[in-house]
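Participant: Here is what each chain is made of, one letter per residue.
Number of protein chains: 2
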Amino acid sequence: MKSKVKVAINGFGTIGKRVAIAVNKQDDMIVSGIVKKKPDYNALFAKKNGMNIYTITEKDADEFRKKGIEVNGLIDDLLKESDIIVDATPDGVGETYKELYNKYGINSIFQGGEEAKVADISFNALCNYDEAYGKKSIRVVSCNTTGLLRSICALSSLSKIEKVNAVLIRRGADPQEIKKGPINSIVLNPVGLPSHHALDVKTVIPWINISTAAVVVPTTLMHVHHVTIKFASRIEKNDILEAFMTSPRIILVDSVISGIQSTSQIIDSARLNKERGDINELVVFKDSITVDNNEVQFFQAVHQESIVVPENIDAIRASLELSGKLESISETDKKLNINKNLY
Amino acid sequence: MKSKVKVAINGFGTIGKRVAIAVNKQDDMIVSGIVKKKPDYNALFAKKNGMNIYTITEKDADEFRKKGIEVNGLIDDLLKESDIIVDATPDGVGETYKELYNKYGINSIFQGGEEAKVADISFNALCNYDEAYGKKSIRVVSCNTTGLLRSICALSSLSKIEKVNAVLIRRGADPQEIKKGPINSIVLNPVGLPSHHALDVKTVIPWINISTAAVVVPTTLMHVHHVTIKFASRIEKNDILEAFMTSPRIILVDSVISGIQSTSQIIDSARLNKERGDINELVVFKDSITVDNNEVQFFQAVHQESIVVPENIDAIRASLELSGKLESISETDKKLNINKNLY
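Protein chains in written order, with the numbering used here: chain V, 1 to 343; chain L, 1001 to 1343.
Derived from the structure by calculation, the hints contain no laboratory data.
Heads up, a few of these hints could be off.
Stated by the list, open to error - Derived EDC-like pairs: lysine to aspartate or glutamate, alpha-carbon spacing no greater than 16 Å straight-line: (1) 1202/L with 1099/L; (2) 67/V with 1287/L; (3) 1136/L with 1099/L; (4) 66/V with 1254/L; (5) 1067/L with 254/V; (6) 1103/L with 1081/L; (7) 67/V with 1081/L; (8) 1066/L with 254/V; (9) 103/V with 76/V; (10) 1037/L with 1058/L; (11) 237/V with 292/V; (12) 1136/L with 1095/L; (13) 1202/L with 1115/L; (14) 1067/L with 292/V; (15) 1230/L with 1331/L; (16) 1334/L with 1115/L; (17) 202/V with 162/V; (18) 1004/L with 1254/L.
Using the sequences provided together with the hints, build the complete structure.
Facilitator: See the structure below:
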């Protein structure tokens, strides 16, 4: 039996805890420890599930011990004994750790909240796994960018894409965030176009011509995108359907059969059928797909808490050269029960 | 091996589907079939999980068949072959089925959305299981009333209760309900006091002196209650803590250790630790418990989607005389993994 690679996780919030759970489900990797700043219910969950906890400072460690939570050491101790670090710290914080990670010569996976320059390459498994193979440092793009890349790359083999226009209706905060808004507004985010998502998509597929616009609304469940893709030649709706159906990590939701026409109902169904109500797949509304000559329009929904989780697992495999693209995607999806079904 | 009693479920919404899942986890009962009006993702879930589907009319059945969902018959067919029916139809609709249930001589469990007179007795397992034993028809009181009864009955043995005052901050709609509000208001519900909850508590424990006031706010996660209980004699905080700790189906959340101070965080932690993120237990905020001579005040939170689920299972056992109070509660809690832990 091959030994498992040791994955450290810095940050145990929305993304960090999900990546940790996902890592421990794989055959070829294991969580060596997590780094956490504050003792809370997530720390208690980590402990209950046998994960070692490390802190940034001794003072932080004292706070854990005061609450009866055992601490295994400081972040340096963890980095010394790990093969790779997944940085899941808040937006912009990851880059402040870059020097420390480099000091220990450890490979690193960053999240999309960091600037692209933090890593050697920005990453989406379906779009550029091979280019990321063996890279010391990989940045998994954000949830919205991941959603856009999934559908674009799934459709890109049908015909040359001339232009992508997307309007992003973003959730205001994650479900447990009680200090973020808005609670009664539609916020243009930003007013000036395009939003940063267009540029972020281009960090993975630089050849694409894309414009994005984004608003933030008072909901915590999922993002919704309206996507318009113009191809160089006429396309058929059946080809679009076929491409979505055969692509990994995309669910086609049939609103006629399921009655689902909202993020609320998507999540409600996911609670019945998926762990934690998480949806690692991009959800495309089948009945919204409308083709006009060489242009297709559709709605898609992105579960911001979990869509990047399988990408993080694949990024670990790519960085450490553990397996090739299709093998990694297939293994990740099997272990995470990503089955392209919502009901 | 004793044969399992056959439980029919009429209605497969928020409560009905959870009761159905819970019934099939018990050793002494099984879902004989569910009655559903519309084919949707919940129907697909029922089918996927091997439950037989019945409809009210042949026309409804046609709608299911059009969507490729097999129907096993009409509600009359199901009632004929079942031992008991759990009515989980919308508020006030249950009583319109009462005559049909009686026609087939079947025992019945109703929900708190019906008036108390719909059944022989209103029910909470901790408070009046023995009185409900053998009753042909039992009404499980609503989620808010269940929450109030859990804490009142847990504390009622400490000293005589002179008065209960409770302010209920209610969730506006269930998570999947996209047509209900408010989205930006605090609704006095009703303005005139008391709210109906006080009367509803008295349907189970008529001896209690209680007043309740309720407002509705724009959230879908849980209700929160502020409860004040005045005893006839001086009480100690430790006795309150001990009573809550030893009572079934009550969780004491430590906000200092867990950082939990909101329904958002309760649900976020439940998603990590409990099925569907459901919390069958009443959640009492330990750090809110404040004693002043013979009066105690505290906050508690009620998961409206799931708190009545174990009560429905116990009501089935009480009605059909399957087992005594403590045995039923213990068995229900074991099978539903009700472990008094949130993290």
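Participant: Of all the hints given earlier, name the ones this structure violates by number, lowest first.
Facilitator: As far as the earlier hints go, 1, 7, 14, 15, 16 and 18 are violated by this structure, in ascending order.
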